[in-house]
Each structure stands twice: as structure tokens, then as C-alpha cells.
Amino acid sequence: MAKLTKRIGALVLRLAAFGAALAALIVMVTSRERASFFAVSLEAKYTDMAAFKYFVIANAVVSVYSFLVLFLPKESLLWKFVVVLDLGDSDGRNRRKFVGIGLF
Numbered sequence: 001m002a003k004l005t006k007r008i009g010a011l012v013l014r015l016a017a018f019g020a021a022l023a024a025l026i027v028m029v030t031s032r033e034r035a036s037f038f039a040v041s042l043e044a045k046y047t048d049m050a051a052f053k054y055f056v057i058a059n060a061v062v063s064v065y066s067f068l069v070l071f072l073p074k075e076s077l078l079w080k081f082v083v084v085l086d087l088g089d090s091d092g093r094n095r096r097k098f099v100g101i102g103l104f
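All the letters of the sequence shown, read from the start, carry residue numbers 1 to 104 under our numbering.
Accuracy of the hints is not assured; some may be wrong.
[Stated by the list, open to error] Subject to a maximum C-alpha distance of 20 Å in a straight line, what follows is the list of computed DMTMM-like cross-link-like pairs (lysine to aspartate or glutamate):
#	residue 1	residue 2
1	6	75
2	53	43
3	53	75
4	45	33
5	74	86
6	6	86
Just so you know, the hints here were simulated from the structure itself, not pulled from any lab data. Fair warning: this is a prediction, and the values are worked out from it, not measured in the lab.
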């Protein structure tokens with residue numbers, strides 16, 4: 001019974017992560033802002049800023065990852081790899097420090 005409860009809890013959390021990432025992706029892609037200054041009208045979209053483009057790409061990757069992980073069988077080797085990716089450091093101490101990644 002405890003294993004079933006853990007599996008359902010993990011499924012609910014993964015569904016929540018998938019839903020949140022997908023919602024953020026949809027909102028970013030479909031949102032537009034129009035501003036008028038005197039006679040000039042400007043429209044802002046997510047493609048106008050590099051940070052927003054990165055945000056949309058990251059949300060797309062997270063959405064696809066979360067969706068695919070939902071259908072992995074628990075006994076597969078790929079599932080064990082996903083668990084390792086999710087947990088990070090196994091002894092509870094985070095020895096890796098965050099280093100900013102320079103993409104551009």
C-alpha cells in the first residue's frame with residue numbers, strides 16, 4: 001500500500017510540473033502587449049527579448065520531459081536514470097556549486 005501511495009504521489013507531482021510548465025509555455029507564446037506613444041504604436045512579443053526566448057525553450061524542454069517521464073515503466077533502466085537526475089546528490093550534501101552557463 002505504501003508503494004502505491006508513493007507512486008500516486010509522484011504521479012500527481014509530475015502532472016503538476018507538466019501542467020505548470022505547459023501553462024507557462026502557452027502564456028508566453030500567446031501573450032502580446034501593445035503600447036501607443038503619441039502616434040507610434042509598438043507591439044511586444046516574447047521573441048523581442050533573448051531572455052524570454054530562452055524561457056520559452058526551457059519550458060518546452062521541461063514540458064516534453066515531464067510528459068515523457070509520466071509513461072516510463074518503473075522497472076526500466078531509463079526510469080532509474082530519471083530518478084538519479086531528479087535527486088541529484090545522493091548523500092544529502094550538495095557538493096556541486098551552481099556555475100552560470102554562458103550560452104551567448
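Hints versus structure:
| no. | hint | result |
| --- | --- | --- |
| 1 | 6 / 75 | holds (15 Å) |
| 2 | 53 / 43 | holds (16 Å) |
| 3 | 53 / 75 | violated (36 Å) |
| 4 | 45 / 33 | holds (7 Å) |
| 5 | 74 / 86 | holds (14 Å) |
| 6 | 6 / 86 | holds (15 Å) |
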